[in-house]
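Q: Chain by chain, the residues run as shown.
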Amino acid sequence: MKRRDTLKALSVASFGMAVGPVEAAVPEPPEPKPAVKLLPGRQKFEAERDLKLLAAEKFFTPAELQTVTILSDIIIPADAKSGSASQAGVPAFIEFMMRDQPRNQTPMRGGLRWLNAKCVSRYGNPFAKCTKAQQIDMVEQIAYPAKKVPADLTQGVAFFTMMRNFVLGGFYTSKMGIEDLGYVGNTPNKWDGVPDDVLKQYGLSYDEPKK
Amino acid sequence: MDLFQLKKAPTVYDAIVVGSGAGGGMAAYMLTKAGAKVLLLEAGGYFDPADPKYMTQLKWPYESPRRGASTTRAGGDFDAAWGGWEIEGEPYSSKPGADFHWFRSRMLGGRTNHWGRISMRFGPDDFRRGSLTGIGDDWPITYDDMKPFYDRVDKLIGVFGSVENMHNEPDGHFLPPPKPRLHELMLKKAATGIGIPVIPSRLSILTQPINKERGQCFYCRQCNRGCSAYADFSSSSVLCIPAMKTGNLTLQNNAMVREVLTDSKTGLATGVSYVDTISMQEVSVYAKTVILGASTCESARLLLNSKSARFPNGLANSSGVVGKYLNDSTGASRSGFVPALMDRKRYNEDGVGGMHVFTPWWLDNKKLDFPRGYHIEYGGGMGMPGYGFGGGIEALNGKIPGRDGKMKAAGGYGAGLKDDVRRFYGAYVSMSGRGEPIPLESNYCEIDPNTVDKYGIPTLRFHYKWSDNEVKQAKHMQDTFEQIIEAMGGMPMGNKPGKEQNYGLAAPGRIIHEVGTVRMGNDPAKSALNKYQQAHDVKNLFVVDAAPFVTQGDKNVTWTILAASMRTSEYLIDQVKKKNI
Ligand SMILES: Cc1cc2nc3c(=O)[nH]c(=O)nc-3n(C[C@H](O)[C@H](O)[C@H](O)COP(=O)(O)OP(=O)(O)OC[C@H]3O[C@@H](n4cnc5c(N)ncnc54)[C@H](O)[C@@H]3O)c2cc1C
Ligand code: SF4
Chain L
1 MKRRDTLKAL
11 SVASFGMAVG
21 PVEAAVPEPP
31 EPKPAVKLLP
41 GRQKFEAERD
51 LKLLAAEKFF
61 TPAELQTVTI
71 LSDIIIPADA
81 KSGSASQAGV
91 PAFIEFMMRD
101 QPRNQTPMRG
111 GLRWLNAKCV
121 SRYGNPFAKC
131 TKAQQIDMVE
141 QIAYPAKKVP
151 ADLTQGVAFF
161 TMMRNFVLGG
171 FYTSKMGIED
181 LGYVGNTPNK
191 WDGVPDDVLK
201 QYGLSYDEPK
211 K
Chain Z
1 MDLFQLKKAP
11 TVYDAIVVGS
21 GAGGGMAAYM
31 LTKAGAKVLL
41 LEAGGYFDPA
51 DPKYMTQLKW
61 PYESPRRGAS
71 TTRAGGDFDA
81 AWGGWEIEGE
91 PYSSKPGADF
101 HWFRSRMLGG
111 RTNHWGRISM
121 RFGPDDFRRG
131 SLTGIGDDWP
141 ITYDDMKPFY
151 DRVDKLIGVF
161 GSVENMHNEP
171 DGHFLPPPKP
181 RLHELMLKKA
191 ATGIGIPVIP
201 SRLSILTQPI
211 NKERGQCFYC
221 RQCNRGCSAY
231 ADFSSSSVLC
241 IPAMKTGNLT
251 LQNNAMVREV
261 LTDSKTGLAT
271 GVSYVDTISM
281 QEVSVYAKTV
291 ILGASTCESA
301 RLLLNSKSAR
311 FPNGLANSSG
321 VVGKYLNDST
331 GASRSGFVPA
341 LMDRKRYNED
351 GVGGMHVFTP
361 WWLDNKKLDF
371 PRGYHIEYGG
381 GMGMPGYGFG
391 GGIEALNGKI
401 PGRDGKMKAA
411 GGYGAGLKDD
421 VRRFYGAYVS
431 MSGRGEPIPL
441 ESNYCEIDPN
451 TVDKYGIPTL
461 RFHYKWSDNE
471 VKQAKHMQDT
481 FEQIIEAMGG
491 MPMGNKPGKE
501 QNYGLAAPGR
511 IIHEVGTVRM
521 GNDPAKSALN
531 KYQQAHDVKN
541 LFVVDAAPFV
551 TQGDKNVTWT
561 ILAASMRTSE
571 YLIDQVKKKN
581 I
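As they're listed, the protein sequences go chains L and Z.
full-length UniProt numbering numbers the first residue of the first sequence as 1 and each following residue consecutively.
full-length UniProt numbering numbers the first residue of the second sequence as 1 and each following residue consecutively.
It is worth saying that the hints were derived from the structure and are not from the lab.
Glycine included, every Cβ here is placed at the ideal spot set by N, Cα and C.
Keep in mind that a hint or two might mislead.
Not everything, but these chain L residues come out facing chain Z in the computed CB check (under 7 Å) [as the list claims (entries may be wrong)]: (1) Ile75; (2) Asp79; (3) Phe96; (4) Ala143; (5) Gly169; (6) Thr173; (7) Gly185.
Listed below are the simulated PhoX-like cross-link pairs for lysine-lysine, each with C-alpha atoms no more than 20 Å apart in a straight line [what the hints assert, rightly or not]: (8) L:Lys200 x Z:Lys189; (9) L:Lys147 x Z:Lys408; (10) L:Lys132 x L:Lys148; (11) Z:Lys59 x L:Lys190; (12) L:Lys148 x Z:Lys147; (13) L:Lys190 x Z:Lys345; (14) Z:Lys288 x Z:Lys59; (15) L:Lys200 x Z:Lys454; (16) Z:Lys465 x Z:Lys95; (17) Z:Lys496 x Z:Lys399; (18) Z:Lys147 x Z:Lys531; (19) Z:Lys179 x L:Lys37; (20) Z:Lys577 x Z:Lys33; (21) L:Lys37 x L:Lys52; (22) L:Lys44 x Z:Lys578; (23) L:Lys37 x Z:Lys406; (24) Z:Lys33 x L:Lys190; (25) L:Lys147 x Z:Lys406; (26) Z:Lys399 x L:Lys147; (27) Z:Lys59 x L:Lys175; (28) Z:Lys465 x L:Lys200.
Let's have the full structure, built from the sequences with the hints guiding it.
A: Given below as structure tokens:
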């Protein structure tokens, strides 16, 4: 709790905002889904570690989680074929990865802070409180790593690239993402080669030319 | 703190086998089948891939909170390797500037629970490269000595492949190979078009049933998780568990062997002492014969740690050769993107847990600037997404025109990014060269004078540097990979590693084919073991992992570990019958 209060104080102070704490201004996002049951074959130290991590205090403050959620859905929005990153549980996955691999914590927390600071100076509000148009305007500045950007945005580009990787990884390893991709394996079957229509499409065949 | 107790067990076994991987598992199997009473000591825990308690086969990535990330296991949450590059409490070190990576699995079956199942015999030339080329050494045995054992291992364990009649890729008793996947057909067409052969791979996976104890492959591509149908080779399911069923095997898990015990008068091995890793008690156990199969580096460590007044250099080491000539396969890799594979039709192409085709060594080193060959392993296809899926897409999607034919900026977000992922899925190929190095006396492991593990056992320190021979071979690999990818109409990904990066040559140990630290040979002054992997100095001591191997060929080594361990076990049975041991 202490840690969170400090952060809350910091965020208000460093952004010089007149409005109340960010946390109060946005609706509480749903809590990340609780513990997945442990996989079989865990070694003792792994099982203990998993249980501890799953029960550990949340890494993200509600405000941070809100921002992560908005970013996730900007990166992977719902479309005709499948839902959005947050509908697939991506924010909860990212939350877990922060606890599981603490080396992610500083780039993530710092990146979110960077984003909010930039948004406050540009639009007068932290990212989550910006209008949709402002959020997209901001994202446009940092979403293209091969483009030359002003020197004050390079860290943002690195942050967004990290975010994109987390979101893609989280979405496409979810049930929804796997269905979207059309991966139809992981089930007992008999492999009998590439389907005929596909062979035909690529002009290939299983007949060996006579040696 | 509790002082540990020294427990003395009264039984004298016919044999103690240390380690339950490929080598130890085979020895335990052969000896118990022959009626010997065997104690199998395994440092890790019990594992049976058919027991739901351990089964990760057919689990989905979202059943792991980290989606299978490798946070606590090198191969990720679903992988059947308990251990990895680093094990808490079991350190090893390298001399400055000499990098060595050591992969260990601590479980019944060792690293054979998750290995790649690539099961290749060495060819006739692989046993005599020294005399064929003037560099390196010959084995004290030939292909003809090993052939009957390779044949028996093929039949006992099962391996698929194709008869090719290539001189140095001897054919075995093969089950039918699975048909190539789409990208494999494309690779084959492209590579053969530029003179590089591509033939069915040789993996120890049962595409047909071979007995009642084991099932048939159901094509889930997850052999690295261990197969609940026992349709692939793991020492746990195929050797150790059947050995237990003979009633002749006593399996002791969580038994970390400290040293081999000897009789100071006769100089013979009398047993071993181990640490029970759960109670932390020290235990001594006794047998008429001691067989080490703890894996290449670990068996050397055990011998070097088994010092006594009679064996001041460590056991079986009057030659001083133990620890030396450590060598791992060379390795380099590259991947490519194949635009023709974009927007593929979806279907289940999991196949077996590994590649369906590969490239055996196809050139003549006499015409090249490096002395040994390599083979190429291939990857690709519409696999199950795992942790990190889609990562690094910004390196690709700026190079591929969109559906509208227009280029767009790399990276991005939103519906367009989602579409890129769908289009690119399954359009990648990867290739890895695995080659033969020249074993050097100057590449070795030794006991670190300063360090012990959490059991108080002195640990290993490595000295290993690649020579120019291996670097040049890696350069050749990189050029070849690029040619194959281009012949497929693909785009090589990332930057081609150049001279400064040793052409992408993997650090020693990384390919996990370490061999050579307890050499066999005919001359006791230059080798630790004779041609039956029996210690020159101690006739009731044998080594059955890859430590005895003089070289490693341009093949993966495990099939040879199995055949050599079978051969040693038979020799031992024969020697006991003749009352020589
Ligand atoms: C990712 C990966 C892929 C691979 N793919 C292939 C492949 O496709 N083809 C191939 O040929 N090879 C492959 N290998 C290599 C293969 O796994 C090894 O060559 C093989 O397992 C070695 O067998 P082993 O019996 O020497 O040792 P291991 O399999 O390592 O078994 C040694 C056992 O001894 C135990 N042990 C160690 N020290 C002690 C001690 N002091 N006391 C008691 N027990 C001890 C260990 O816990 C372990 O269970 C691969 C390896 C890895 C990691
Ligand atoms: S691919 Fe076949 S052999 Fe390998 S784990 Fe799956 S079913 Fe078993």
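Q: Indicate, hint by hint, whether the structure satisfies it.
A: Results of checking the hints against the structure:
Given hint, Ile75 (chain L) at the interface with chain Z, holds; its Cβ is 5 Å from that chain's nearest Cβ, closer than 7 Å. Interface restraint check: Asp79 (chain L) against chain Z, minimum CB-CB distance 5 Å, threshold 7 Å, status holds. Against a cut-off of 7 Å between C-beta atoms, the interface hint on Phe96 (chain L) holds, since the closest Cβ of chain Z lies about 5 Å away. A hinted interface residue such as Ala143 (chain L) counts as satisfied when its beta carbon comes closer than 7 Å to some beta carbon of chain Z; here the least separation is about 5 Å, so the hint holds.
Here the hint on Gly169 (chain L) is kept, as its CB sits about 5 Å from the closest CB of chain Z, short of 7 Å. With a least beta-carbon distance of about 4 Å to chain Z, the hint placing Thr173 (chain L) at the interface is held under the 7 Å criterion. Against a cut-off of 7 Å between C-beta atoms, the interface hint on Gly185 (chain L) holds, since the closest Cβ of chain Z lies about 4 Å away. At most 20 Å may separate the alpha-carbon atoms for a hinted pair to count; Lys200 (chain L) and Lys189 (chain Z) meet this at roughly 15 Å.
Among the hinted pairs, Lys147 (chain L) with Lys408 (chain Z) is consistent with the structure: their alpha-carbon atoms are about 11 Å apart, no more than 20 Å. For the given pair, Lys132 (chain L) sits about 24 Å from Lys148 (chain L) by alpha-carbon distance, which is inconsistent with the 20 Å threshold. Taking the CA atoms of Lys59 (chain Z) and Lys190 (chain L), the gap is about 19 Å. The hint holds against a cut of 20 Å. For the hint linking Lys148 (chain L) to Lys147 (chain Z), the alpha-carbon distance of about 62 Å lies beyond 20 Å, and the restraint is violated.
The suggested pairing of Lys190 (chain L) with Lys345 (chain Z) holds, with an alpha-carbon distance near 18 Å, which does not exceed 20 Å. At most 20 Å may separate the alpha-carbon atoms for a hinted pair to count; Lys288 (chain Z) and Lys59 (chain Z) exceed this at roughly 45 Å. This hinted pair does not check out: Lys200 (chain L) and Lys454 (chain Z) have alpha carbons roughly 60 Å apart, beyond 20 Å. Of the pairs offered as hints, the one joining Lys465 (chain Z) and Lys95 (chain Z) holds, with about 10 Å between alpha carbons and a cut-off of 20 Å not exceeded.
For the proposed pair Lys496 (chain Z) and Lys399 (chain Z), the alpha carbon gap of about 17 Å is at most 20 Å, so the pair holds. With a CA separation close to 15 Å, the supplied pair Lys147 (chain Z) and Lys531 (chain Z) stays within the 20 Å bound. With a CA separation close to 37 Å, the supplied pair Lys179 (chain Z) and Lys37 (chain L) exceeds the 20 Å bound. With a CA separation close to 15 Å, the supplied pair Lys577 (chain Z) and Lys33 (chain Z) stays within the 20 Å bound.
With a CA separation close to 13 Å, the supplied pair Lys37 (chain L) and Lys52 (chain L) stays within the 20 Å bound. A threshold of 20 Å between alpha carbons decides the hint, and for Lys44 (chain L) with Lys578 (chain Z) the separation of about 47 Å lies outside it, so the pair is violated. Taken as a hint, the Lys37 (chain L) and Lys406 (chain Z) pair is broken in the structure, with Cα atoms around 46 Å apart against an allowance of 20 Å. Restraint check: the Cα-Cα separation between Lys33 (chain Z) and Lys190 (chain L) comes to about 34 Å, which exceeds 20 Å; the hinted pair is violated.
Between Lys147 (chain L) and Lys406 (chain Z) the alpha-carbon distance is near 17 Å, which keeps this suggested pair within the 20 Å criterion. Taking the CA atoms of Lys399 (chain Z) and Lys147 (chain L), the gap is about 13 Å. The hint holds against a cut of 20 Å. Proposed proximity of Lys59 (chain Z) and Lys175 (chain L) is supported: the alpha carbons are some 12 Å apart, at most 20 Å. With a C-alpha separation of about 49 Å, the suggested pairing of Lys465 (chain Z) with Lys200 (chain L) is violated against the 20 Å cut-off.
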